[in-house]
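Heads up: the sequence lines are chains A and B, in that order.
Residue numbering for the first sequence follows numbering that gives the first Met the number 0, beginning at 0 and increasing consecutively.
Residue numbering for the second sequence follows numbering that gives the first Met the number 0, beginning at 0 and increasing consecutively.
Do not take every clue at face value.
[Stated by the list, open to error] A partial selection of chain B residues facing chain A, derived with a Cβ cut-off under 8 Å: (1) I143; (2) L146; (3) L150; (4) G151; (5) A315; (6) V330.
[What the hints assert, rightly or not] Okay, the calculated bits of chain B under chain A, using three or more residues with CB under 8 Å as the criterion: (7) 126 to 140; (8) 263 to 277.
Quick caveat, the hints were computed from the structure, so don't treat them as lab data.
Idealized CB from N, CA, C, for every residue including glycine.
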Amino acid sequence: MTELTLAQGRVDRDRLLRLLQEYGVYAGVAALLVFNFAFTDHFVSAENFRTQAVQVAPVLIVALGMALAIGTEGVDLSVGSVMALSTSLLSLYLGYGPWAAVLVAVAGGILIGLANGTLVAHLGVQPIVATLALMVAGRGLALVLLPQLKDVRDPGMTALGSGDVLGVPYLVLIAVGLALLVAFVVRRTTFGRQLLAIGDSRPAARLAGLPVRRVLIVVYACSGALAAVAGVLATARLTASDPTSLGTLMELSAITAVVVGGTPLSGGRVRIGGTVAGAVLIQLLTTTLVKHDLPPSWTQMAQAVVIVGAVYAARERGKR
Amino acid sequence: MTTETTEADMQPDAVQQITDEERGPGRADRFSALAQQHGALVTLLVAMVVASLSFDTFLTGDNLENMALSSAFLAVVALGMTFVIVTGGIDLSVGSLFALGGVVAAWGSQYGSAVALLLPLAVCGLIGLVNGLLIARSGLAPFIVTLAAMLGARGILLAITDEGSRTYLVDKDSFFATLGQGSLLAIGVPVWITVALFVLGAVVLRRTRFGQYVYAVGGNEDAAALMGAPVARTKIAVYVVSGLCAGLAGALNAAWLLSGVTILGTGMELEAIAAVVIGGTLLSGGFGFVSGSIVGVLLLKVIQNVINQIGSLDSAYQQVVSGAFLAVVVVAQTWLGRRRRVL
Chain A
0 MTELTLAQGR
10 VDRDRLLRLL
20 QEYGVYAGVA
30 ALLVFNFAFT
40 DHFVSAENFR
50 TQAVQVAPVL
60 IVALGMALAI
70 GTEGVDLSVG
80 SVMALSTSLL
90 SLYLGYGPWA
100 AVLVAVAGGI
110 LIGLANGTLV
120 AHLGVQPIVA
130 TLALMVAGRG
140 LALVLLPQLK
150 DVRDPGMTAL
160 GSGDVLGVPY
170 LVLIAVGLAL
180 LVAFVVRRTT
190 FGRQLLAIGD
200 SRPAARLAGL
210 PVRRVLIVVY
220 ACSGALAAVA
230 GVLATARLTA
240 SDPTSLGTLM
250 ELSAITAVVV
260 GGTPLSGGRV
270 RIGGTVAGAV
280 LIQLLTTTLV
290 KHDLPPSWTQ
300 MAQAVVIVGA
310 VYAARERGKR
Chain B
0 MTTETTEADM
10 QPDAVQQITD
20 EERGPGRADR
30 FSALAQQHGA
40 LVTLLVAMVV
50 ASLSFDTFLT
60 GDNLENMALS
70 SAFLAVVALG
80 MTFVIVTGGI
90 DLSVGSLFAL
100 GGVVAAWGSQ
110 YGSAVALLLP
120 LAVCGLIGLV
130 NGLLIARSGL
140 APFIVTLAAM
150 LGARGILLAI
160 TDEGSRTYLV
170 DKDSFFATLG
180 QGSLLAIGVP
190 VWITVALFVL
200 GAVVLRRTRF
210 GQYVYAVGGN
220 EDAAALMGAP
230 VARTKIAVYV
240 VSGLCAGLAG
250 ALNAAWLLSG
260 VTILGTGMEL
270 EAIAAVVIGG
280 TLLSGGFGFV
290 SGSIVGVLLL
300 KVIQNVINQI
310 GSLDSAYQQV
320 VSGAFLAVVV
330 VAQTWLGRRR
340 RVL
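Bound-form chain B, shown alone (with noise of 0.2 Å):
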């Protein structure tokens, strides 16, 4: 864009001819993106303070760390989720393997905390390798190969559990059950890993070379890989990544439960998908922060949050409002990003 706008600037008879929206980011295109990169959160806040006005019930402690916590689980895969995404790829998978993390663990803490901790991410990491190698080394679309992955760790989850008639329970004084049960300053440990990752994800992501890359291969594959940037291996490691976290956020989820669910996650990948769409990162790659996915997150569960006090609504409205927001936030999305970059 700059190198442009210099050559123009040097024939005289082409600056007249630059539009206004040849000029680079003009006053509407700042708007875009700040409108990009924080209507979420604006959205959400909005969300916040009619809730709290329309139900008394809304800002209460209990609500509030309800609230906090049945997000912390989702968050924890939509961080995973939105490395993969801004790679411009897709993880179907994340669902079942959230479930098969949950159940691992609940197995594995017959074994010590540590097993039940590390077991998960062994093998949901080990998932997000396979997924990632079938991705970068033989160029399978992701959406199928994750699709597959899906399919198979849920076999492999069923395999496990007798077909999903057995629960395995996780013994409530271990140190593995206060990681879902504990509470630190009257905020649940699940919410403060939580916090911690996000840290962590967003300062992988914009401090770091492979945060660089991250960017670099999702906004032009062939671009990065001509500048240097290890393709395969970056693709290979947000597979990884989206595994681990969606390992985790099963093996806190059964710690908080107390046992390993089996029919935990489904629809799950499509919730986080959902969440780091809406919270402002590009499905078609390249552009994308950490922090919104949180605000993703956190704006679902607060329509979920409503609808459940409204009370005489259905919950399948839950869906119905989640679709429909969908559906206006990526629309929103792609208006924006066409004014943004001229396609």
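Just chain A, with the same shape it has in the complex (with noise of 0.2 Å):
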């Protein structure tokens, strides 16, 4: 009898644990959200909330890319270099044209990508080495090619940075509409079952005669042409193009959103709706520490205090 009640509790403590590791980060979002909405000036404004959202925008869609790396068990450190190199392609081609420019940003990124993915994949570099490689090499490149800060006069970017339909930004409306896609592709397409059969076990996959090594590439091609993506969104609302300090630490971001959010990095599940709210997540505390005058330092001590936390509560769960 004692043993049954204590395996009960058990069960129960796993299911709180698991309620917590799926819906924490919402609740979370919900905490800051009551506590802003009664304790922060200024917080309930249309404007407030535009300037959060297009904020969070470019780290979502960095993490988007990143949730799909880490659900195959890896990890994407060159997102913040990617985002640097796509921001001096863009100022290069300019003169071809917003779109042309945007294109070969993108392509750049791509490249990037498939440089990962190749790594990973066909060499069987360990994805955090690979990555990091690339991190130090693109952030090089991208200063290769515009060694400084560069304005962006174009009334295409402007408009992307600045414009919105129906009040609300187009940076949200883009983030948001990838954010869908990327949730698409993992709930309800081959690849993306074929990605998380990968993250689960790798040699079951490759036995199962799963196409590997090219889901593998396509993933940091993705997550590649994401960031590329992140760092034009970014480039049009600052109209300038700073290589050397666009994207810096952005790959901590995007982990930890993803990690907040409740994809294990331990591959083999993503969870593209808390990685959205993973993002939101952050981006509320740093906007309540900085709304209550407590200086940046704290948004960095609490940003670590929140990541251990999520991961601690993932633990249990892997543990059972």
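Starting from two chains that each stand alone, build the complex the way the hints lay out.
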């Protein structure tokens, strides 16, 4: 009898932890929203929501690609450098019109992604090292192409960065659209299933005859492409190309958003809704601290605590 | 491997079926092992010969001394990282700890040289301990824990410097300052300290029980636990070692610069990992040596130096070359490693 109650207790605890892991991030966002509604001046305004959403858009887009990489039990450290590379390419090719420039910028991101994917899939290099190499090289390449900050004066770009539809900024629309697209790909397509199977167990996926290498390459190419899009959007918003600082530490923010959102680092599961909420949570956390006059150092420490807490919750589940 | 062969030897039928690959280390494998162990050193020597033939300024005392000094701080960080990576872990917090160590040392130097030296060791060692405890006792991924520590340590650093606006200076006549600025036999004190630490590190890793545990944990954690190795304690210890090394490197750097600079250390964790990997230590753990890490550091610095010497080349090329180089080395390592152990 006692054993049964013990087992019962453990099941309940497990369920609680699972709920916490799956919905904790939404609870966190809700809690921060409630707190800010109640205690933060000037929080409830269309202007503020707009600012928050526009700021979160690039992080979210990068995090989507990161979620795919983490879903395959990988990681992509090169995303910040890809953003820098895409802003450099954008500046260089703006003379040919904004569309051509955007295409070249995204193509650059895809190329870096393909290089990452080849290293990981064909040469068997660990993702953390492969993307580390491209992170170092990518930032260098960005600086070789465009050594310093350059203003972007292009009406198309300005419109992209500050325009809106019915009050919703283009940046937010694009981010939401991409999130829906990635969620669809993960949940409803063969590619998505293959991706999760590879993350679950690469040897099993290989034995089952899945095109492991091709899927991995496409995953890293997607991550590169998404990071490049984020770079383009960030450039459009700032109306300047700054390859030195654009995207620095972006890989960390993106990983945080993904992990806090409930995607396990061990692969096999991807939670896009959670990733969106994770990105929003980090943004809200920063805003809350800043609006209450707490210095930036607190933001970093808070972020550290949130990461460890999220992974700790995920650990209990993984151990079960 | 050996037992399998003896068993097979007892069965004549099986002997004929044994292919070259199964027969154990052959000539090709021995070459792989050599390449893995000494590839970086050979590359370094080639790079230095080419550099000295190409630039008259390369083999001058000033240039070599500069390179040695600038290598020293990174090398100390890489030394700690080597221990962590041999256990199969990774420490992303070292860049932040390097900066934090420097600032804490500079702040502490007003209370005397002993404080300036011991305080960063205490602070960074403590953060390393927290890293180790979370990783070893809670089973969290090293990558994430040390990532959080990286943010946290940077946050502490900003908090104690009024958000990075205050710089603490080191009295240039103090004993602490001579640790960074002094020289012995025309070689800077930081270089001597680095060499001493590497000798110590090599002895600890190769000749002590703790070192054996480090390799065992990295090779196969479960097997190490069954063998009776204190897996958790070993893991905790390597993160403490890494924290101490990063803190000490930061302190020495502060003594050299005579101030604690808050913006230092970003990207240093990556440089250190790159150096360790280039030096032949496997990121999957269980295999590596500290001498390789110093070679890796020197190789990175020689590349930087050569690109600086070319002058017309943008310093951004440093990053391109270092990144490409890291990729090549890791691919070569993976390839060599695959030959050596049948996966």
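Quick rundown of the hints versus the structure:
1. I143: Result: holds, 5 Å to nearest chain A Cβ.
2. L146: Holds, about 6 Å.
3. L150: Holds - the Cβ of L150(B) comes within 8 Å of chain A, reaching about 4 Å at its closest.
4. G151: holds, 4 Å
5. A315: holds, 3 Å
6. V330: holds, 5 Å
7. 126 to 140: With 5 residues closer than 8 Å to chain A, the segment 126 to 140 of chain B meets the three-residue bar; holds.
8. 263 to 277: holds (count 5)
Checked against the numbered hints given earlier, this structure breaks none of them.
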